[in-house]
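Chains as they are written, first to last, in the working numbering: chain A, 1 to 213; chain B, 1 to 219; chain C, 1 to 219.
Simulated from the structure, these hints should not be mistaken for lab results. Note that the coordinates shown come from a computational prediction; the quantities given were computed from them, not determined experimentally. Yeah, the Cβ is synthetic: ideal placement off N, Cα and C, and Gly gets one too. Misleading hints may appear alongside valid ones.
[Stated by the list, open to error] Stretches of chain A that chain C covers, calculated by requiring three or more beta carbons in the stretch to come under 8 Å of a beta carbon on chain C:
1) 30 to 39
2) 42 to 56
3) 102 to 113
4) 125 to 139
5) 147 to 155
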Amino acid sequence: MSQHDHAHEDSAAIAHHHDIHSELPSDPALRVKALESLLTEKGLVDPATVDAWVETYESRIGPRNGAKVVAKAWVDPDYKRRLLSDATKAIGELDMLGNQGQHMVALVNTPEIHNLVVCTLCSCYPLPVLGLPPVWYKSAPYRSRAVLDPRGVLKEFGLELPEHVKIRVWDSTAEVRYLVVPERPAGTERLSEEQLAALVTRDSMIGVAKVKA
Amino acid sequence: MNSIHDMGGMHGLGAVRAEPNEPPFHEKWEGRAGGIVEVMTFPENFPGDRFRYLRETLRPDLYLTQSYYEQWLYVAEQILLEAGMISAEELRDGRAGPSAAKRNDAMRADAVWGFLHDRAHTGRKLAEGPRFAIGQRVRARNMQPDGHTRLPRYARGKTGIVTRHHGGHVLPDAHAHWQGPAPQHLYTVRFTARELWGEAANPRDRVNLDLWESYLEPA
Amino acid sequence: MNGVHDMGGMHGHGPIAPEQDEPLWHAPWEARMFGMRRGGTFPPGFNIDRWRHVRELIPPYLYLVRSYYDHWYMSYVAALLHSGMATREEIKSGHAAPGTAKRNDAMRPDQVWKTQKTGGVFARAIETPPLFAIGQRVRARNINPTGHTRVPRYVRGKVGVVQLHHGGHVLPDSNAHLQGEAPEHLYTVAFSMRELWGPEASPRDEALADLWESYLEPA
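Please put together the full structure from these sequences, using the hints given.
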């Protein structure tokens, strides 16, 4: 059987199982509760492990990580150089690599170039530096329009870029993950690295916003 | 408009389920809906192509799940609402508002047969001759109108051969948006399956599309 | 697979409408589903590429209406059913069939941080040198596999310029179907908006995609 035929049969067999939904309630809360109960009974999940995953992304991993990377790049030109030449290594220096962020590329925004990140095919996102993605990032409107009409998308976020700015939209089709380094706002010359990091928003590291002083 | 209706080449929509001896209408209401939409009084000079466009504006998940005649009802409602011939409240209540005057010019039953057999022609005489000749290689343009078009995404940028010329026909891209018939020369263009789908496609298969002159450029 | 998930360039999905100060979870069940997917046991050999493909096989109308973590629910259930790790009755009832042995190898809480820290490395050393160089013009091939792929429809047949070379990476088209990692050179390719969407698009802006060597040919 050719590779193509195998994939086709495999997909058809899996697709068949999605038809269970006509037999299940539409309310996800009920279904998820039943699933956790079933998996626990079968020893396929430990509820305490579920708690630990939730707690990890509630408290230990979030956009404050990415903000630290950005602030360091703003104050330390050598770090910025390292970040541009090998973001995986540079982010690793801050111990911020992890699942869905093991292969990193930093995209520096300038007055001439504005970078924007999307995953049109699903929801790929640099979890270790930004935490979990917002609903809008994972939803059809953003996924469909970011590559087609980035200026229109940015307008919806209240950001209008002048005509001469070149927009580069990065579609995360592989396991490479992209972190936008937004422009440092004017009037922040006297702020410490920590104070600068506090200004950097998650949205600015996706590329749908600029950082405000 | 690059919406879900533009389905050519999509996977995942399941098996074709052909029903043997399928009746014209599966439920009585479908027949009523079909009839209403055919013979109801439309806004003056309503462009037929706008019907298709309005259907394309249906929310994608509803487009996939609502049955055909449900979608016709949705479109009929949009047509009457946008022309102000009914109000949202009247639609919700299923009753004419208190101040609504009753018209007396609805199509009569004895006019139906003639109506169905005497449809508006989309053919139009054009002063300018056709740009493309039979046998000529043409490329379908890469365009992304967010309004109505009849150039499917799967053909955009692809090269084929003109096999027929149908003369001038009303252009849906204009007509659907109240811009008048704006007729253009219409052609049948034949594409190889490989041109459309790549080397893995059958080398003998062909897909033919009817494409207006503004959809095409010389190749 | 040309599924409804392949959304780049589509119209009709409505406004983005971002929620201000959005909470991490919109309901407690979302957190539970997240934790189950990250901490639960999957069939032997299951990998993230297969997970993505199982999700792509969700019926299109459900894909469009069900929320994100509900996609995770549907995908995990399909994987369990397909592998025989659970039955339909068990899924419906939320209880294991009588006499089912309880496994004792589920991920433990103390393993969570390390899994998060070290998991998901997809770079692989490969012997063959890269076919393409930074700055080279390449064309994304027009391939339309029914199985999993990461070349979106909107770039197929389009010409771009290689910007980055990432070395060897696991190939999803193979890995998703448990056919082995089959790593290939991975590149980031920049396409001008005009190349993608036609002459009316921005003359300056670009879209970039990460594409494996077998997705590309010299241009």
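(request) Hints the structure violates: just list their numbers, smallest first. (result) none
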